[in-house]
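Here the structure of chain A is known, so what remains is to put chains B and C in place on it, guided by the hints.
Residue numbers (this note's numbering), protein chains in the order written: chain A, 1 to 314; chain B, 1 to 314; chain C, 1 to 314.
Fair warning: there could be bad hints in the mix.
A partial selection of chain A residues facing chain C, derived with a Cβ cut-off under 8 Å [stated by the list, open to error]:
1. V39
2. A88
3. M253
Pairs of lysine-lysine residues, derived as DSS-like cross-links and limited to a Cα-Cα distance of at most 30 Å, are as follows [what the hints assert, rightly or not]:
4. K74/A <-> K74/B
5. K311/A <-> K24/C
6. K256/A <-> K130/B
7. K87/C <-> K293/B
8. K36/C <-> K34/B
9. K112/A <-> K74/B
10. K74/C <-> K87/A
11. K25/C <-> K293/B
12. K164/C <-> K130/C
13. K74/B <-> K288/A
14. K2/B <-> K176/B
15. K87/B <-> K116/A
16. K36/C <-> K293/B
17. K87/C <-> K74/B
18. K311/C <-> K27/B
19. K293/A <-> K74/B
20. K112/B <-> K27/A
21. K112/C <-> K130/A
22. K311/C <-> K87/A
23. K166/C <-> K226/C
24. K87/A <-> K216/C
25. K34/A <-> K34/C
26. K34/B <-> K34/A
27. K311/A <-> K87/C
28. K74/B <-> K36/C
29. K288/A <-> K2/B
30. K293/A <-> K27/B
31. K288/A <-> K112/B
32. K24/C <-> K2/A
33. K192/A <-> K311/A
Now the stretches of chain B that chain C is said to cover, found in silico as 3 or more residues with beta-carbon under 8 Å [unchecked claim]:
34. 261-268
35. 302-312
Hints listed in this document are in silico derivations from the structure and should not be mistaken for laboratory results.
In this text, all values refer to a predicted model and were calculated from it rather than measured experimentally.
Here a beta-carbon is modelled for each residue, glycine too, at the ideal position from N, C-alpha and C.
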Amino acid sequence: MKHFYSIKDIDNLPELVDSAIALKKQKEISNFGKGKTLVMLFFNGSLRTRLSTQKAAESLDMNVICMNAGDAWKWELEEGVVMDSDKAEHIKEAARVISQYADIIAIRSFPKLANKEEDYADLLFETFMKYSEVPVINLESSILHPCQSFADLITIAEHQTKTKQKIVLSWAPHPKALPQAVANSFLEWIQKTDHEVVITHPPGYELNERFTQGCKITHNQDEALKDADFVYVKNWSALEPYGKVINQDPSWMITKEKMSQTNNAYLMHCLPVRRNVVIADDVLDSDKALIIKQADNRTHAAKAVISQLLKDNY
Amino acid sequence: MKHFYSIKDIDNLPELVDSAIALKKQKEISNFGKGKTLVMLFFNGSLRTRLSTQKAAESLDMNVICMNAGDAWKWELEEGVVMDSDKAEHIKEAARVISQYADIIAIRSFPKLANKEEDYADLLFETFMKYSEVPVINLESSILHPCQSFADLITIAEHQTKTKQKIVLSWAPHPKALPQAVANSFLEWIQKTDHEVVITHPPGYELNERFTQGCKITHNQDEALKDADFVYVKNWSALEPYGKVINQDPSWMITKEKMSQTNNAYLMHCLPVRRNVVIADDVLDSDKALIIKQADNRTHAAKAVISQLLKDNY
Amino acid sequence: MKHFYSIKDIDNLPELVDSAIALKKQKEISNFGKGKTLVMLFFNGSLRTRLSTQKAAESLDMNVICMNAGDAWKWELEEGVVMDSDKAEHIKEAARVISQYADIIAIRSFPKLANKEEDYADLLFETFMKYSEVPVINLESSILHPCQSFADLITIAEHQTKTKQKIVLSWAPHPKALPQAVANSFLEWIQKTDHEVVITHPPGYELNERFTQGCKITHNQDEALKDADFVYVKNWSALEPYGKVINQDPSWMITKEKMSQTNNAYLMHCLPVRRNVVIADDVLDSDKALIIKQADNRTHAAKAVISQLLKDNY
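Isolated chain A (complex conformation):
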């Protein structure tokens, strides 16, 4: 594994999931990363991602340097530009320079949700990986959140009772325009398993076909939930018009009544979750909610990713 950017970087997914579960059980302190440095760059806020990734790296005895980009720190991504705007540094220099201070570089950079083609080109990551001399970890790009998906797959692996279970990805309402990254990545990853995947959302919230290909899609949430074993709930904004909240239909909120249609399904969400808007209190507080375990598995997923990158590149 050269970078951890998308599912395409994973040769053997079941093996990677198993390695994370093994690391989770291992209590002794490791010094596998001693003398190595992880640089984390955040162009956007973070709670779980930052804490779990730093914790994972430090549990391998790595040094961690964490920086917030802020407005002052804009990179030019285009080649050949006359740089007389507000962007003080070209990503070419940034990537090559930071590579010299880091053994692994982890980056978070959300979409602007203004221009679909631009966001879906994911240029910051594509260019950074091109110029970086060390492995890059995607801590959520414009369109992908593989660290979350990996943690989600660990959580499912720990709770599934059969090789093939029915897994529903359900859109739910939210007052703000959110990226599609969590949903996109979840679909990329879950489709590499043997599970049955059903996507449900109101008309107009279609996801990019690159990610939904091969999945059953329905606008009927009740039909989707029927006999589900896992319900993954997530809001996302529309692709058309791009990045907009076209409705916040409250009837799509996940309630106890809706969960009663399932096969006593587990509830999943990547967090943060707005209670009683996306999912009702009684569902979130039930013992079928896996949300806290998903968050815990972020650490173990990050530890497996970092270990693999160190092993394959140093």
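Frame of chain A, contents of chains B and C only:
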């Protein structure tokens, strides 16, 4: 000790003070916290608290992850709310999630000084401690600053010449509305010692009775200072009208002349201090000023607290 | 070496450069700084400086605490002031307090570019060093950037083919008003070597005589570049009117054509660089550009500085 939130968490105060003084003398490097993680969350700025707590934890070989909350990171504290406002995450999730990444969680969150009942309920801490699965350290809440008080008591213990000395807490003027936390906590802690405590402030600056109970209170600063062995100077805003600067009477500034009424008293202040507003230059620069030593003792207090929490919980 | 503030702190420059080159070759992990703490305080943004300094300190097994100052954290620098303005703490207290938490303190504080006398007094550093009880590293003050200059001299030492080479410092256009610190320091440091130094800039961009003394200065960029072995490119704002961009003459941009007048010279720049404004793409992308190596040498320079300070002070 389960949490370090207030004096109520301390079983044996003299023992805790002694343990800090012992740690202060100990020069060899400890690895008592190896493999453990301290997560520090700052909803407000910090200089001394952040540096001393991180230094203390790292001197025990802990890993430290420090995050600033900023505006973007607001927690919902109420139960049962429909979360459609600006708060993206409920403290229930936040506390349970962060607990999984940390062995100890330290939090700073100042009062808004807008609503007395709200601030004095100290709901962020009360709720966080309820849901956290690991010990919580109060790095200054709406109403308490126990890390400061512990350092203050160490400093007094190092300088007192008798078991019972006269200790004066004097209000002093300040241009901004400040919390009552330092004064409240100091009273909670100092009253657990054998010292005589006298509070002095202009009419209208009465502190909450929960903290002043049992102390002598006078509006006559000169009378209070007479024969004092230690003078603890601090500004605070009024309780009624809540959070307001009702006057900035410059005659309450601590000067060399005022200190001459004391029993050659030591001067204390938690810092930062506005020179020639709160305390005059010649007092701050005299060899009776303990302010730099108090700041130093923040590290040793933090080290004792962290050590005790690790010992009692792991 | 007590502090690392300017070239004046260096007893033996060739020895220091050699020590950095030796540290660069050394691959084994050092624990020379174990149990010691570096506190870094940033009043301004940083990428290279922050990463390279933290990396250097951690490669010596030091603990690093990094803080951003922001607006909320203003220090009073004047003595005897009534502190009723927006400055909550006097640098006297700040320096003495932080000294107690740190074994080395590294600070970045840019000029305001509003008042030349004020900036060139460099009062924050002068005062902080006066009150600090531990060594201070200048991570770029109002007028000096010695960490950059040290890295630049290492880079030159690694590429020079003769003891005396022709080194040109050329001004180049930039849309924003930048400090003179990099140019000032480079001149301070390079003049301690045997190289020939030529400064070139348009009329009006004269640097402070304190730094240019003894250097050849010309307004004719072509003449300066002739037979140059190294071309150090940098923009700076004017001294008169102070801190202003008096012109952005695009004919001063460094192009391939201009470089063809040199003795196949190496190109240097401290980064970040605005491509096609300061230097053209084809020059930056040529194999004579040392910019990435200069950035790499920041780590080795910082490691040498920290090692020397630890050796001389502990």
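- request: Using 8 Å as the Cβ threshold, decide whether V39/A counts as touching chain C.
  value: It holds, given that the least Cβ distance between V39/A and chain C is near 6 Å, below 8 Å.
- request: Would you mind confirming whether the straight-line C-alpha gap from K74/B to K288/A stays at or under 30 Å?
  value: This hinted pair holds, its Cα atoms lying about 27 Å apart.
message: K112/C and K130/A were given as a pair; does the straight-line alpha-carbon distance stay at or below 30 Å?
response: 37 Å, violated
query: CA of K34/A to CA of K34/C, is that 30 Å or under?
result: 14 Å, holds
- prompt: Taken at face value, is the distance from the CA of K216/C to the CA of K87/A at most 30 Å?
  reply: Roughly 34 Å between the alpha carbons, so the hint for K87/A and K216/C is violated.
query: CA of K36/C to CA of K34/B, is that 30 Å or under?
result: 16 Å, holds
message: So if I understand the rule, the pair passes when the alpha-carbon distance is 30 Å or less; does K36/C with K293/B pass?
response: 20 Å, holds
- prompt: Quick one, are K74/B and K36/C close enough, alpha carbons at most 30 Å?
  reply: Status violated; Cα separation ~35 Å.
field: Restraint status (C-alpha distance of K311/C to K87/A at most 30 Å)
entry: 41 Å, violated
message: Between the alpha carbons of K192/A and K311/A, is the straight-line distance 30 Å or under?
response: 23 Å, holds
query: Is the straight-line distance between the alpha-carbon of K293/A and that of K74/B 30 Å or less?
result: 22 Å, holds
message: So is the region 261-268 of chain B in contact with chain C by the C-beta rule, three or more residues under 8 Å, or is the coverage claim wrong?
response: Result for this restraint: violated, n = 0.
Hints 3, 11, 12, 14, 20, 21, 22, 24, 27, 28, 30, 31, 34 and 35 from the earlier list are contradicted by this structure; the remaining hints agree with it.
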